[in-house]
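Read off the chains here:
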Amino acid sequence: AAGVIQSPRHLIKEKRETATLKCYPIPRHDTVYWYQQGPGQDPQFLISFYEKMQSDKGSIPDRFSAQQFSDYHSELNMSSLELGDSALYFCASSKGGGQTLYGYTFGSGTRLTVV
Amino acid sequence: GESVGLHLPTLSVQEGDNSIINCAYSNSASDYFIWYKQESGKGPQFIIDIRSNMDKRQGQRVTVLLNKTVKHLSLQIAATQPGDSAVYFCAQTPGAGSYQLTFGKGTKLSVIP
Numbered sequence: 001a002a003g004v005i006q007s008p009r010h011l012i013k014e015k016r017e018t019a020t021l022k023c024y025p026i027p028r029h030d031t032v033y034w035y036q037q038g039p040g041q042d043p044q045f046l047i048s049f050y051e052k053m054q055s056d057k058g059s060i061p062d063r064f065s066a067q068q069f070s071d072y073h074s075e076l077n078m079s080s081l082e083l084g085d086s087a088l089y090f091c092a093s094s095k096g097g098g099q100t101l102y103g104y105t106f107g108s109g110t111r112l113t114v115v
Numbered sequence: 001g002e003s004v005g006l007h008l009p010t011l012s013v014q015e016g017d018n019s020i021i022n023c024a025y026s027n028s029a030s031d032y033f034i035w036y037k038q039e040s041g042k043g044p045q046f047i048i049d050i051r052s053n054m055d056k057r058q059g060q061r062v063t064v065l066l067n068k069t070v071k072h073l074s075l076q077i078a079a080t081q082p083g084d085s086a087v088y089f090c091a092q093t094p095g096a097g098s099y100q101l102t103f104g105k106g107t108k109l110s111v112i113p
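Going down the list, the protein sequences come from chains A and B. Note that this note's numbering has the first sequence beginning at 1, numbered continuously upward. Note that this note's numbering has the second sequence beginning at 1, numbered continuously upward.
Since the hints were derived computationally from the structure, they do not count as laboratory data. Being a predicted model, the structure only gives us computed values, none of them experimental. Please note that the accuracy of each hint is not assured.
[Unchecked claim] Incomplete in silico selection of chain B near chain A, CB under 8 Å:
id, residue
1, K42
2, A96
3, S98
4, Y99
5, G106
6, T107
All C-beta atoms in this analysis are idealised placements derived from N, C-alpha and C, irrespective of residue type, glycine included.
Extracted from the complex, chain A is given alone in its bound form:
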């Protein structure tokens, strides 16, 4: 079965650079969620989209932005990177506009390292 695809798997950036993380949801899923997981930490919700509109917003820094495109894939744009942004970034997708846990599936994540 198709899963949530995230790219790249690994990314190394320098401080103050920008990064773009991509997420391709499971086919026919219309909702995408982004989470950040620091070393040894639990995942923290950043932001979610349903039908290309932002649906919920969590602890996403102002330096980050995200959007969902017409094909339902989503991109997380991160600017002015800081050392503390080094983390695993997970994307999850589901069907139903965040009104159900149906098919709520996580991708394998992008490991971002800021040096």
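Chain B: place on chain A using the hints.
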């Protein structure tokens, strides 16, 4: 000095024994509670969920217990196997139809062969 959050609680069990992983939650308005398994370098993998109007749910080799009185959730794994070694997280929804998940602190399960 030691950084907060780098040391996960660890549970070591003998292969074949039962494991119990506990989680305290804070939001009593939550309508869903979920247990996830996370292996190194991978995303959280769904194990089992339970609605807030239930107190017990069983899956294959796993059972989740919900005690809303003391805001406590537990995951029981029967006949623990080496492949069960991972970090386990509980998560909850905020309620009111939202499904942004709030994760609890993970517990690292190590299975001794």
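Against the structure, the hints:
1. For K42 of chain B, the shortest C-beta to C-beta distance to chain A is roughly 6 Å, which falls under 8 Å, so the interface hint holds.
2. The interface hint given for A96 of chain B is violated, since its Cβ lies 11 Å from the closest Cβ of chain A, which is over the 8 Å cut-off.
3. Interface hint at S98 of chain B: satisfied, since its Cβ lies 6 Å from the closest Cβ of chain A, which is below the 8 Å cut-off.
4. Taking 8 Å as the C-beta contact cut-off toward chain A, the hint placing Y99 of chain B at the interface holds, the least distance being around 5 Å.
5. Here the hint on G106 of chain B is kept, as its CB sits about 6 Å from the closest CB of chain A, short of 8 Å.
6. Here the hint on T107 of chain B is broken, as its CB sits about 11 Å from the closest CB of chain A, past 8 Å.
Violated hints, listed in ascending order, are 2 and 6; each of the other numbered hints is respected by the structure.
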